[in-house]
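Colleague: So you can see what is in the structure, the chains are spelled out below.
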Amino acid sequence: MSGNSSNEPIIICENVNKWYGNFHALKDVSLRVKRGEVVVICGPSGSGKSTFIRTINRLEEHQEGRIIVDGIEMTSDIRNIDAIRREVGMVFQQFNLFPHLTVLQNITLAPIWVRKKTRKEAEAKAFELLERVGIREQAHKYPGQLSGGQQQRVAIARALAMEPRIMLFDEPTSALDPEMVKEVLDVMKTLARSGMTMLCVTHEMGFAREVADRIVFMDQGQIVEEGTPDQFFSNPRNERTRLFLSQIL
Amino acid sequence: MATEVSRPTSRRAPRQQIGLIEWLRKNLFSTWYNVIITVVLLYIVAQTVISFVSWVVTAPGWPAAFTNIKLLLTWTYPVDQLWRPQAAMALVLLLLGLSSGLWGGIARMVAWGAAAISVVIGLAAFTFPDLPDQTSLPGWLFMFLCAVLLAGGDLLARRLGQKLRWPLIVAWLLSYPAVILILRGGLGLPVVETKLWGGLMLTLILAISGIVLSFPLGVLLALGRRSSLPVIRTFCVLYIELIRGVPLVTVLFMGALLLPLFLPGGESIDALVRATIAVTLFSAAYLAENVRGGLQAIPKGQVEAARALGLNVFQTTLLITLPQALRAVVPVLVGQFIALFKDTSLVVIIGLVDLLGAAQNIVGQPQWLGTPGGVWRETFLVIAAIYWVFSFTMSRISKRIEDQIARSRH
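Protein chains in written order, with my numbering: chain A, 1 to 249; chain U, 1 to 410.
Each hint should be verified, as a subset may be incorrect.
[As the list claims (entries may be wrong)] In silico SDA-like pairs for lysine to any residue, Cα to Cα no more than 25 Å straight-line: (1) K70(U) x W388(U); (2) K141(A) x P323(U); (3) K342(U) x V110(U); (4) K34(A) x E60(A); (5) K300(U) x G148(A); (6) K300(U) x S227(U); (7) K195(U) x I169(U); (8) K399(U) x G71(A); (9) K141(A) x R327(U); (10) K141(A) x T317(U); (11) K141(A) x L326(U); (12) K141(A) x R165(A); (13) K120(A) x S408(U); (14) K300(U) x L104(A); (15) K34(A) x K141(A); (16) K27(A) x G206(A); (17) K120(A) x I169(U); (18) K120(A) x L319(U); (19) K189(A) x M205(A); (20) K116(A) x T316(U); (21) K300(U) x T75(A); (22) K300(U) x K189(A); (23) K27(A) x E60(A); (24) K116(A) x T321(U); (25) K300(U) x E121(A); (26) K141(A) x K342(U); (27) K120(A) x W166(U); (28) K300(U) x D77(A).
[Unchecked claim] These stretches of chain U come out as covered by chain A in the derived footprint (C-beta under 8 Å, 3 or more residues): (29) 298-307; (30) 317-325.
Derived from the structure by calculation, the hints contain no laboratory data. Note that the coordinates shown come from a computational prediction; the quantities given were computed from them, not determined experimentally. Where is the CB? At the ideal position from N, CA and C, for every residue including glycine.
Take the sequences, apply the hints, and build the full model.
Modeller: In structure tokens, the structure reads:
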């Protein structure tokens with residue numbers, strides 16, 4: 001189970017396949033992620049990158065293949081799914097903060113109800129996290145009163161409050177005004193350097209170049225290329241990757 | 001080459017207030033035909049108001065409602081037991097006063113309103129001492145006592161503070177069975193059959209029971225209709241569509257006439273209980289659809305975020321979707337509760353005498369036969385005022401809740 005040697009991959013995906021009706025959304029996707037590794041997944045829209053990371057905490061169900069997260073195999077058994085979700089934090093493009101709860105309540109909800117922490121413990125941890133993402137003074141406001149960048153930082157703090165081993169980021173900066181992208185990326189960079197295992201779907205190539213250990217390029221439901229940022233940016237092998245890079249860089 | 005852009009200093013918005021005369025001229029007397037329309041309408045409104053007021057002052061039928069106030073309020077509840085409805089009311093008002101002191105907000109608004117009304121009624125009853133008073137505690141004195149309980153509860157709760165919180169919540173939960181026990185009797189109190197109950201007391205008991213019981217049932221039906229289990233979903237859809245397809249009168253009749261047939265051994269259920277069940281079942285179906293509307297308005301991302309955090313289905317519903325859905329439909333729900341409150345007047349047709357039924361009986365009393373034009377206008381106006389006070393209170397509560405929610409958004 002957990003706590004194995006650090007060489008053991010924490011996420012193992014083998015030949016994952018998924019269909020929406022007749023549409024083949026993921027085609028034999030295989031990926032291994034080591035502990036502490038930061039993997040950036042990029043690709044054109046509709047390439048299946050969001051769908052793929054959403055299968056890792058079962059927000060999307062895969063139909064074929066194996067997904068093993070921290071030694072727990074993803075099956076349709078609800079106990080396995082819940083066990084995995086406790087270890088995997090997720091940050092969404094649209095933040096998905098709970099609008100009827102204050103920032104503090106957003107962050108302490110899951111630790112109190114799922115981890116069975118006391119309110120006091122959970123709040124102490126929440127303030128520490130808010131400090132880390134730089135918005136401690138907003139703790140008693142409602143999400144609707146914050147800017148997009150602040151909301152996304154709260155969302156990151158909310159996911160971290162569960163003390164996950166893995167963080168999934170699904171286009172965390174795509175819904176933000178350009179001025180606010182940096183504040184969120186800075187938080188993510190700090191997190192990456194602290195040794196968190198991260199899987200990020202993002203178009204922020206600057207971020208990828210700076211902190212990613214590996215970049216995975218997906219197209220039409222398949223992984224077509226993967227490599228270190230150096231290889232990926234300076235010497236892409238696949239024609240499709242070259243086209244993509246020429247369009248966004 | 002960079003050009004410097006001139007930056008205006010910020011200044012106040014121009015004043016837009018205008019005087020009354022200017023407003024009148026602009027909106028009511030701007031053209032010759034607007035002048036004509038304004039004058040004609042003013043004349044009609046003035047005539048209506050004047051004739052209504054002069055009718056109110058000269059109408060001979062007012063004594064009908066006021067001399068029969070006991071019938072309007074409690075109908076045939078035994079005269080020597082009238083202290084019991086008074087005790088029940090005092091209990092509820094005391095709890096309301098305590099809530100006002102502890103929580104403020106909506107509870108305070110309702111408590112102060114109730115205290116003001118109590119004082120006004122008390123003063124009125126004191127000024128007209130020739131009203132028939134059948135209780136050992138004179139009516140005017142009781143109304144002042146109500147105001148004292150409300151104000152005293154408020155002050156007491158402010159002094160005691162938060163340690164009163166749980167005792168008060170428990171007291172509210174127990175207040176419903178306590179009120180029924182006080183009114184119905186048992187445990188040493190002489191029993192007063194529910195067939196003797198009536199008037200405003202019956203209307204309030206029916207409405208409050210209906211609201212309190214149909215709310216959880218309606219929420220469960222709404223959740224059931226969205227369930228992934230086909231058996232539960234089908235049952236809920238069938239129930240909701242069946243009940244929504246028939247009028248309340250039908251449900252009441254079914255409760256009154258059909259239900260006893262199905263029960264073993266001629267066992268007869270209390271008519272008031274049957275009416276309460278009918279009103280509850282009816283209201284729950286509509287409530288379920290309103291709540292479902294709220295549930296559907298919640299973005300899918302909310303559930304995904306909750307599930308991704310490890311909350312299970314039950315926690316997600318209870319902590320995330322349901323609270324948001326209910327907030328979104330507060331105005332609709334209160335509207336429905338107001339409708340339910342007024343719809344309870346339909347129980348007259350199954351032989352219960354609620355506020356409206358009591359009024360109908362009073363209008364038919366022989367001593368008013370000599371009154372020119374009868375007394376029905378005055379009597380029904382009085383009960384309309386009573387209905388209005390309660391409905392208006394509910395709509396103010398709804399407004400306050402909406403304001404509170406709106407404040408948390410910005």
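Colleague: Against this structure, judge whether each hint is valid.
Modeller: Now for the hints, and whether the structure bears them out:
1. Proximity of K70(U) to W388(U) is assessed by CA-CA distance (about 20 Å); at most 25 Å being required, the pair is judged to hold.
2. Taking the CA atoms of K141(A) and P323(U), the gap is near 18 Å; set against the 25 Å cutoff, the hint holds.
3. With a CA separation close to 20 Å, the supplied pair K342(U) and V110(U) stays within the 25 Å bound.
4. At roughly 22 Å between alpha-carbon atoms, K34(A) and E60(A) fall within 25 Å of each other, so this suggested pair holds.
5. For the suggested pair K300(U) and G148(A), the alpha carbons sit about 19 Å apart, so the restraint of at most 25 Å is met.
6. Between the alpha carbons of K300(U) and S227(U) the distance comes to roughly 15 Å, so the proposed pair stays at or under 25 Å and holds.
7. The hinted pair formed by K195(U) and I169(U) fails the criterion: a straight-line CA distance of about 31 Å is larger than 25 Å.
8. The straight-line distance between the Cα atoms of K399(U) and G71(A) is roughly 53 Å, outside the 25 Å bound, and the hint therefore fails.
9. The straight-line distance between the Cα atoms of K141(A) and R327(U) is roughly 18 Å, inside the 25 Å bound, and the hint therefore holds.
10. Only pairs whose Cα atoms come within 25 Å are accepted, and K141(A) paired with T317(U) is accepted, the gap being roughly 23 Å.
11. Between K141(A) and L326(U) the alpha-carbon distance is near 21 Å, which keeps this suggested pair within the 25 Å criterion.
12. The hinted pair formed by K141(A) and R165(A) fails the criterion: a straight-line CA distance of about 28 Å is larger than 25 Å.
13. Proximity of K120(A) to S408(U) is assessed by CA-CA distance (about 24 Å); at most 25 Å being required, the pair is judged to hold.
14. Our distance criterion of 25 Å between C-alpha atoms is met by K300(U) and L104(A), whose separation comes to about 22 Å.
15. For the given pair, K34(A) sits about 38 Å from K141(A) by alpha-carbon distance, which is inconsistent with the 25 Å threshold.
16. Of the pairs offered as hints, the one joining K27(A) and G206(A) is violated, with about 28 Å between alpha carbons and a cut-off of 25 Å exceeded.
17. A C-alpha spacing of about 24 Å is found between K120(A) and I169(U), which places the hinted pair at or below 25 Å, so the restraint holds.
18. For the hint linking K120(A) to L319(U), the alpha-carbon distance of about 19 Å falls within 25 Å, and the restraint holds.
19. Distance hint between K189(A) and M205(A) is fulfilled; the C-alpha atoms sit about 13 Å from each other, no more than 25 Å.
20. A distance of roughly 15 Å separates the Cα atoms of K116(A) and T316(U); the hinted pair therefore holds under the 25 Å criterion.
21. Taking the CA atoms of K300(U) and T75(A), the gap is near 23 Å; set against the 25 Å cutoff, the hint holds.
22. Note on K300(U) and K189(A): the hinted pairing is violated, with a Cα-Cα distance of about 29 Å set against a maximum of 25 Å.
23. With a C-alpha separation of about 15 Å, the suggested pair K27(A) and E60(A) falls inside the 25 Å cut-off, and the hint holds.
24. Taken as a hint, the K116(A) and T321(U) pair is honoured in the structure, with Cα atoms around 21 Å apart against an allowance of 25 Å.
25. For the hint linking K300(U) to E121(A), the alpha-carbon distance of about 30 Å lies beyond 25 Å, and the restraint is violated.
26. The suggested pairing of K141(A) with K342(U) is violated, with an alpha-carbon distance near 40 Å, which exceeds 25 Å.
27. Between the alpha carbons of K120(A) and W166(U) the distance comes to roughly 20 Å, so the proposed pair stays at or under 25 Å and holds.
28. Taken as a hint, the K300(U) and D77(A) pair is honoured in the structure, with Cα atoms around 22 Å apart against an allowance of 25 Å.
29. Residues of the region 298-307 of chain U lying with their CB closer than 8 Å to a CB of chain A number 7, which satisfies the three-residue condition for coverage.
30. Residues of the region 317-325 of chain U lying with their CB closer than 8 Å to a CB of chain A number 4, which satisfies the three-residue condition for coverage.
Going through the hint list in order, the structure does not satisfy hints 7, 8, 12, 15, 16, 22, 25, 26.
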